[in-house]
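Protein chains: 4
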Amino acid sequence: MLLTIDPNNGLPIYDQIVRQVKFAIASGALRPGELVPSVREAAKQAAVNPNTVARAYRELQAEGVLRRVRGTGLAVTEDAPAYCRKERVKLLEERLRQVLEEAAQSGLSEAELRQLVEKQLRLLSRSRGRRGSS
Amino acid sequence: MLLTIDPNNGLPIYDQIVRQVKFAIASGALRPGELVPSVREAAKQAAVNPNTVARAYRELQAEGVLRRVRGTGLAVTEDAPAYCRKERVKLLEERLRQVLEEAAQSGLSEAELRQLVEKQLRLLSRSRGRRGSS
Amino acid sequence: MLLTIDPNNGLPIYDQIVRQVKFAIASGALRPGELVPSVREAAKQAAVNPNTVARAYRELQAEGVLRRVRGTGLAVTEDAPAYCRKERVKLLEERLRQVLEEAAQSGLSEAELRQLVEKQLRLLSRSRGRRGSS
Amino acid sequence: MLLTIDPNNGLPIYDQIVRQVKFAIASGALRPGELVPSVREAAKQAAVNPNTVARAYRELQAEGVLRRVRGTGLAVTEDAPAYCRKERVKLLEERLRQVLEEAAQSGLSEAELRQLVEKQLRLLSRSRGRRGSS
DNA sequence: GTGGTCTAGACCACC
DNA sequence: GTGGTCTAGACCACG
Chain R
27 MLLTIDPNNG
37 LPIYDQIVRQ
47 VKFAIASGAL
57 RPGELVPSVR
67 EAAKQAAVNP
77 NTVARAYREL
87 QAEGVLRRVR
97 GTGLAVTEDA
107 PAYCRKERVK
117 LLEERLRQVL
127 EEAAQSGLSE
137 AELRQLVEKQ
147 LRLLSRSRGR
157 RGSS
Chain A
27 MLLTIDPNNG
37 LPIYDQIVRQ
47 VKFAIASGAL
57 RPGELVPSVR
67 EAAKQAAVNP
77 NTVARAYREL
87 QAEGVLRRVR
97 GTGLAVTEDA
107 PAYCRKERVK
117 LLEERLRQVL
127 EEAAQSGLSE
137 AELRQLVEKQ
147 LRLLSRSRGR
157 RGSS
Chain D
27 MLLTIDPNNG
37 LPIYDQIVRQ
47 VKFAIASGAL
57 RPGELVPSVR
67 EAAKQAAVNP
77 NTVARAYREL
87 QAEGVLRRVR
97 GTGLAVTEDA
107 PAYCRKERVK
117 LLEERLRQVL
127 EEAAQSGLSE
137 AELRQLVEKQ
147 LRLLSRSRGR
157 RGSS
Chain F
27 MLLTIDPNNG
37 LPIYDQIVRQ
47 VKFAIASGAL
57 RPGELVPSVR
67 EAAKQAAVNP
77 NTVARAYREL
87 QAEGVLRRVR
97 GTGLAVTEDA
107 PAYCRKERVK
117 LLEERLRQVL
127 EEAAQSGLSE
137 AELRQLVEKQ
147 LRLLSRSRGR
157 RGSS
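Residue numbers (the working numbering), protein chains in the order written: chain R, 27 to 160; chain A, 27 to 160; chain D, 27 to 160; chain F, 27 to 160.
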């Protein structure tokens, strides 16, 4: 469970954390009953203020994704995986829609747009490959 | 030159305006010497505060895309089209990269990711079609 | 809309604020469309840190009780009164139940318990009367 | 001497323990010279961390309600019953006052408030009856 | 050690 | 002026 924060993402940091936790649960990297990294640890790892992590975790509790185990930490709930898989699609579709809409407004033809998307997908799979083979 | 603002875009409104003006110039919809809508008019059309439009126009002047024509308004500069075409690609690639990277982090396989992108592209071209035929 | 905060209430301050706003809406003292006091103003009035008020207001937005009006403030939503009236009963019953349960555990007879409750209700209506007549 | 802990009470657990011990002494269920359950036993029975029980017992010793009997455990002092009876009324009145005050602030009329209180008292005496008959 | 709350104060986006 | 985000650091309750 490694958090990778980009402070210039546009998305608030706490939101990036919320998403990444949900994604980790959706993909099975975090399973029900497992503990998420402690507030302080996650904050250190992500080079972020503990309050910011705490806020993200608070929201995840409010959504029923995490539950508090007193004196122990925050654990993934039983319902979380199903919920997070739904959320994942929703969150990604929303963001994709926004960006593609903007691209469409830019006056590019559909062919040019597809070309742009293809280029980025290729770049992505290449960097993925690198990460995968390392 | 119609502005379409989405306040929940994540992008600040003034930035959305800056981008759309650049896009309009890049695509030839706005040509050197032409005037952009007045601050008040644009603000009314986009249902946005005039200060926000003013700020966007200020930035466009600072980048050399617009210039003041005393007593007349703001006109597109001669250098703007070349500049804006470069910007357009840069801005779109940057946004696309961010979103696709996030999608990649979400644990979706490349196939699933492509499927999502295709779905959104189809949705987009459909809504474009509608707008085109209206 | 005056906030009265008791830092030794046991209830977190942000929660006291959340409750009081809901109560004010439930009782009709705050109506749909009206603005709640600004974060800074409420913080000053309640002698509390603005962040604490902001957190309370954030939760009220998340519950759909308040909505943000950009650059203007936070307004009561249309749905808020119905929702808050339901909440009011729920919140009060929960608290009453806790306290009466504790009282019951204390070994008092039911008669003694009723006497205690009556005494407090009388004290309350007296202080209410004073406030009402002032 | 059975402890019934509600972790969502708002009251800290150690405080709930302190109160319940005092209540047991006030009502005569625990008499001077009698031993309270050992820290470990009480912790097991109440499903609570031993440290938390230890803290409660520490406070009860500081208040002069319990005293260490070397090698034996903690015993109720001679002065405890009188002291605890006073405390009981004080503690309950304080809590009742808080809750009723909050209820009053909620904008309910006195009649509605009384109705709420009656409802909870009835619920309480019913559950008491059940417990009594078991 | 864990999370939760609160304060203080900075900076940003928007009106 | 409005709310939103973030940092820094203190204190509390609990294990």
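Some hints here could point you the wrong way.
Sample of chain F residues facing chain D (criterion: CB under 7 Å; computed from the structure) [to be verified]: (1) Phe49; (2) Leu61; (3) Leu122; (4) Arg148; (5) Leu150.
Label-pair restraints from in silico Cβ distances [said to hold, decoys possible]: (6) F/Lys112 to D/Asp32: 20 to 26 Å; (7) F/Thr98 to R/Asn77: 35 to 41 Å; (8) R/Gly90 to D/Asn35: 40 to 46 Å; (9) F/Glu119 to R/Asp41: 20 to 26 Å; (10) F/Glu104 to D/Asn77: 47 to 53 Å; (11) F/Glu136 to D/Arg57: 33 to 39 Å; (12) A/Arg96 to D/Thr98: 41 to 47 Å; (13) R/Asp41 to D/Asn77: 27 to 33 Å; (14) A/Pro76 to F/Arg140: 53 to 59 Å.
What the hints contain is simulated information worked out from the structure, not anything from laboratory work. For each residue, glycine too, the CB sits at the ideal point set by N, CA and C.
Do the hints match the structure? See the list:
A cut of 7 Å between beta carbons decides the hint on F/Phe49: the least distance to chain D is about 4 Å, and the hint holds. Taking 7 Å as the C-beta cut-off, the interface hint given for F/Leu61 is violated, the closest approach to chain D being about 19 Å. Proximity of F/Leu122 to chain D holds as hinted, the smallest CB-CB distance being about 5 Å (cut-off 7 Å). Annotation: interface hint on F/Arg148 violated; nearest CB of chain D at approximately 10 Å, more than 7 Å.
For F/Leu150, the suggested interface contact is upheld, since its CB lies about 5 Å from the closest CB of chain D, less than 7 Å. As the Cβ distance of F/Lys112 to D/Asp32 is approximately 24 Å, the hint placing it in 20 to 26 Å holds. At roughly 48 Å, the beta carbons of F/Thr98 and R/Asn77 sit outside the given window of 35 to 41 Å. The supplied range of 40 to 46 Å is broken by R/Gly90 and D/Asn35, whose beta-carbon atoms lie about 27 Å from each other.
At roughly 46 Å, the beta carbons of F/Glu119 and R/Asp41 sit outside the given window of 20 to 26 Å. Range check, F/Glu104 to D/Asn77: about 50 Å between beta-carbon atoms, so the 47 to 53 Å window is met. Hint check: F/Glu136 to D/Arg57, Cβ distance near 24 Å, so the stated range 33 to 39 Å is violated. A hinted range of 41 to 47 Å for the beta carbons of A/Arg96 and D/Thr98 is inconsistent with their spacing of about 35 Å.
The given range of 27 to 33 Å is broken by R/Asp41 and D/Asn77, whose C-beta atoms sit roughly 18 Å from each other. Between A/Pro76 and F/Arg140 the Cβ separation comes to about 56 Å, which falls inside the hinted range of 53 to 59 Å.
Of the numbered hints listed earlier, those contradicted by the structure are 2, 4, 7, 8, 9, 11, 12 and 13.
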